[in-house]
Every structure is written in C-alpha cells, then in structure tokens.
Amino acid sequence: MGKFNKAGGREMPELNTSSLPDLVFAFLFFIMMVTTMREVTLKVVFRAPQATELQKLEKKSLVTFIYVGEPMQEFRAQMGTSTRIQLNDQFAEVSEIQDYIAQEKSSMKEEDAPFMTVSIKADRETPMGIITDIKQALREAYALKISYSAQPRVN
Amino acid sequence: MGKKRKAPAVNATSSADIAFMLLLFFLLTSSMDTDRGLARRLPQPVPKDQKKEDVDIKKRNLMVVLINSSNQILANGQYVELKDLKGIVREFVENPYNDESKPEKVEVDVPYYGTMLVTKHHLISLQNDRGTEYQAYINVQNELASVYNELRDEMAKKKFGKAFMDIDEEQQKAVQMIYPQKISEAEPKNYGGK
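Taken in sequence, the protein lines are chains A and B. Count the first sequence with the numbering used here and you get residues 38 to 192, in order. Count the second sequence with the numbering used here and you get residues 7 to 200, in order.
Bear in mind the hints are in silico, worked out from the structure with no lab data behind them. Heads up, some of the hints might be wrong.
[Claimed, not checked] Calculated pairs, DSSO-like style, for lysine-lysine (alpha carbon to alpha carbon, straight line, at most 30 angstroms):
| no. | chain 1 | residue 1 | chain 2 | residue 2 |
| --- | --- | --- | --- | --- |
| 1 | A | Lys142 | B | Lys179 |
| 2 | B | Lys164 | B | Lys179 |
| 3 | B | Lys92 | A | Lys93 |
| 4 | A | Lys182 | A | Lys142 |
| 5 | A | Lys93 | B | Lys108 |
| 6 | A | Lys96 | B | Lys179 |
| 7 | B | Lys10 | A | Lys182 |
| 8 | B | Lys188 | B | Lys126 |
| 9 | B | Lys12 | B | Lys92 |
| 10 | B | Lys126 | B | Lys163 |
| 11 | A | Lys93 | B | Lys65 |
| 12 | A | Lys93 | B | Lys89 |
| 13 | B | Lys108 | B | Lys10 |
| 14 | A | Lys146 | B | Lys165 |
| 15 | B | Lys64 | B | Lys10 |
| 16 | B | Lys126 | B | Lys168 |
| 17 | B | Lys168 | B | Lys65 |
| 18 | A | Lys93 | B | Lys165 |
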C-alpha cells in the first residue's frame with residue numbers, strides 16, 4: 038500500500054495560477070468594450086423621472102446628452118437656484134443649444150448624423166417651460182430624434 | 007531531498023493583482039447603465055416666413071390632452087385622473103365599436119393582415135403649460151406610450167402569437183400600420199398661467 042505512504046514526501050501540487058492574469062485581462066477588455074467612460078461631471082442636480090414604457094438607447098456614440106436641473110450646491114452661489122441647462126461640462130443658455138448640436142453633428146460620421154439622438158436628462162421637478170424651449174431649439178437644429186431619459190418605475 | 011531542482015519560475019502571482027487593479031479602475035470610471043427613455047420624434051421646424059396654417063382635422067379625430075400648471079390632466083376638456091387616462095385614450099385610438107364621436111376608420115391594406123379598418127387619421131395633441139412639472143408630463147407621455155404598446159402587443163399576439171417586441175421588423179411595420187403612433191407635442195400655450 039505504498040499509496041498511503043506518508044513518508045513519500047510528495048507535496049500537493051500548487052494550483053497553477055499563471056493563466057489568472059489572462060482571465061482577468063479578458064474580463065477587463067470586455068468591460069472596456071461594453072462601457073463608456075463618464076465624460077461629463079454633473080453640475081446640476083438630476084433625479085430622473087420614472088416611467089414604465091422605456092426603450093433603450095441603441096448606439097451610445099450617436100447619443101448627445103442635455104442635462105437640465107438646478108445647479109449643485111457648490112455652484113449655487115454663482116448661478117442661483119433656478120433651473121439651468123448643462124451642455125458638456127458647463128452651464129449654458131437655450132440659445133447655445135443649436136451651436137452645440139451643430140458641433141456634435143459635425144464631429145460624427147456623415148452617414149451617422151441623421152440618426153443622432155438627443156437624450157434629455159431633466160430633473161423630475163423641472164418646469165416644462167424650459168423643456169419646451171429646448172425642444173424648440175432642437176427642432177430648429179434638426180435634431181428630431183429625442184429621448185426623455187427616465188428610470189424604470191419600481192412598484 | 008538532494009535531487010536536482012528546476013529553476014523557480016518567475017513569480018507571476020502579482021500580475022493578477024495588477025490586472026485586477028486595472029479592472030477595478032475601469033469599473034469605477036465607466037458607466038455600465040444603459041440609458042433608457044421615452045423615444046419621440048419632433049416635427050420639422052416651421053419656416054419662419056411661413057404663416058402658421060391651421061391643419062384641418064375633423065373634431066372626432068382629435069383628442070386634446072392638456073396638462074395645466076398644477077399638473078392636472080384635461081382630456082378633451084374633461085378633468086381626468088392619471089389612472090383613468092389610459093382607458094380613455096385606448097378607447098379613442100382603438101374605437102372598438104365604431105363610435106360616431108371617435109376617430110373614423112379607414113380601410114388600409116396591411117401586409118400579413120389583409121384589409122383592416124384603421125383609425126388612421128386620429129391625433130392626440132399633447133399640450134402643456136410652461137409651469138407643468140416634468141414628472142407629470144412624463145407620466146402622461148408614459149400612459150400614451152403604454153396604450154400604443156398594449157394595442158400593438160395584442161395585435162401581434164393575435165396574428166403571430168408573440169409580443170410586439172419579439173416579432174421581426176417587417177411584421178412590426180405591419181402592426182405599426184394598424185396602430186400608428188400619432189402624438190403631437192404642440193407648441194406651449196400659457197393656460198391660466200402664473
């Protein structure tokens with residue numbers, strides 16, 4: 038019964054972990070593919086409205102975001118507390134939206150431009166007046182596909 | 007013990023840790039959450055020199071949904087609760103009993119379905135006040151969207167035995183022909199404003 042001979046001095050072979058980094062790297066690349074880097078820092082308070090009939094936005098590269106809400110605490114001293122629009126990293130006026138859209142459109146591939154979608158991320162307590170102004174500006178800029186960003190409602 | 011030993015391999019244990027660190031970094035700085043929302047199409051802009059002409063819409067084909075500045079909903083002039091809105095709109099779009107006061111039905115040739123009676127000319131005009139809360143507006147938009155989704159789902163189930171989302175594009179187009187989504191987001195007016 039040599040098999041049970043403890044005096045053999047054989048140690049349990051160590052688990053081969055040399056492929057572990059490869060596994061992790063594969064996972065890393067997967068994450069890098071499916072996610073986008075957070076490009077903007079939010080400067081407005083944004084709590085998405087809730088809805089049930091939601092559609093996913095398909096291609097992230099075709100989506101432009103417009104944030105609407107009250108300025109965050111640290112900007113209140115300068116900006117006041119009334120609802121503001123945020124384009125990219127800064128506060129903007131409604132009149133700047135057209136230029137912004139034109140700029141975003143020109144940075145896209147030409148064949149993609151008609152499919153551009155503008156996602157309006159507005160706070161749930163925003164008065165509709167400002168949203169309507171944005172919608173009018175988007176119409177003028179021929180950005181006709183829009184999406185009202187919302188969260189799935191939890192019952 | 008005195009046997010010859012192999013040269014120890016380069017210690018690669020820490021490379022896993024390094025990769026994990028990178029992984030964590032990307033997990034934290036990127037956002038996985040897909041943005042969801044209610045998709046809508048805006049109408050073409052009106053040329054500035056063109057006078058606004060009133061489009062002639064028969065009264066029975068039009069439903070005006072108005073949200074005022076205190077977030078109350080008026081459907082065709084009558085005050086309704088949000089939960090009742092769906093039923094009213096559904097009846098309006100579907101017009102199941104060919105009601106005289108509901109949208110007229112037109113015969114349309116639809117692929118897969120054949121000739122169908124469709125309330126082709128119906129129009130839901132969604133109007134709001136400048137002071138309406140965004141959530142109230144989204145609520146109404148959501149109800150309207152759910153009416154269309156429900157009707158389309160039923161139509162798809164009847165013919166293909168599947169939900170609207172699960173049938174292919176051609177079939178979706180056919181169903182959309184039967185229930186075209188006609189929501190007009192009119193320019194705002196100031197009703198009983200502040």
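Evaluation of the provided hints:
Proposed proximity of Lys142(A) and Lys179(B) is supported: the alpha carbons are some 28 angstroms apart, at most 30 angstroms. Taken as a hint, the Lys164(B) and Lys179(B) pair is honoured in the structure, with Cα atoms around 15 angstroms apart against an allowance of 30 angstroms. Distance check on the hinted pair: Lys92(B) and Lys93(A) sit about 23 angstroms apart at the alpha-carbon level, within 30 angstroms; holds. In summary, the hint linking Lys182(A) to Lys142(A) is supported, as the alpha carbons are separated by about 13 angstroms, within the 30 angstroms threshold.
Simply put, Lys93(A) and Lys108(B) have alpha-carbon atoms about 33 angstroms apart, too far for the 30 angstroms limit, and the pair is violated. Between the alpha carbons of Lys96(A) and Lys179(B) the distance comes to roughly 21 angstroms, so the proposed pair stays at or under 30 angstroms and holds. A hinted pair counts as satisfied when its Cα atoms are at most 30 angstroms apart, and Lys10(B) with Lys182(A) does not qualify at roughly 73 angstroms. Between Lys188(B) and Lys126(B) the alpha-carbon distance is near 9 angstroms, which keeps this suggested pair within the 30 angstroms criterion.
For a cut-off of 30 angstroms, the pair hint linking Lys12(B) to Lys92(B) is broken: about 77 angstroms separates their Cα positions. The hinted pair formed by Lys126(B) and Lys163(B) meets the criterion: a straight-line CA distance of about 21 angstroms does not exceed 30 angstroms. For the proposed pair Lys93(A) and Lys65(B), the alpha carbon gap of about 35 angstroms is over 30 angstroms, so the pair is violated. Of the pairs offered as hints, the one joining Lys93(A) and Lys89(B) holds, with about 25 angstroms between alpha carbons and a cut-off of 30 angstroms not exceeded.
For the hint linking Lys108(B) to Lys10(B), the alpha-carbon distance of about 95 angstroms lies beyond 30 angstroms, and the restraint is violated. Restraint check for Lys146(A) and Lys165(B): the C-alpha separation of about 40 angstroms exceeds 30 angstroms, so the hint is violated. With a C-alpha separation of about 98 angstroms, the suggested pair Lys64(B) and Lys10(B) falls outside the 30 angstroms cut-off, and the hint is violated. A hinted pair counts as satisfied when its Cα atoms are at most 30 angstroms apart, and Lys126(B) with Lys168(B) qualifies at roughly 24 angstroms.
Note on Lys168(B) and Lys65(B): the hinted pairing is violated, with a Cα-Cα distance of about 35 angstroms set against a maximum of 30 angstroms. Straight-line distance between C-alpha atoms of Lys93(A) and Lys165(B) comes to about 26 angstroms, which keeps the hinted pair within the 30 angstroms bound.
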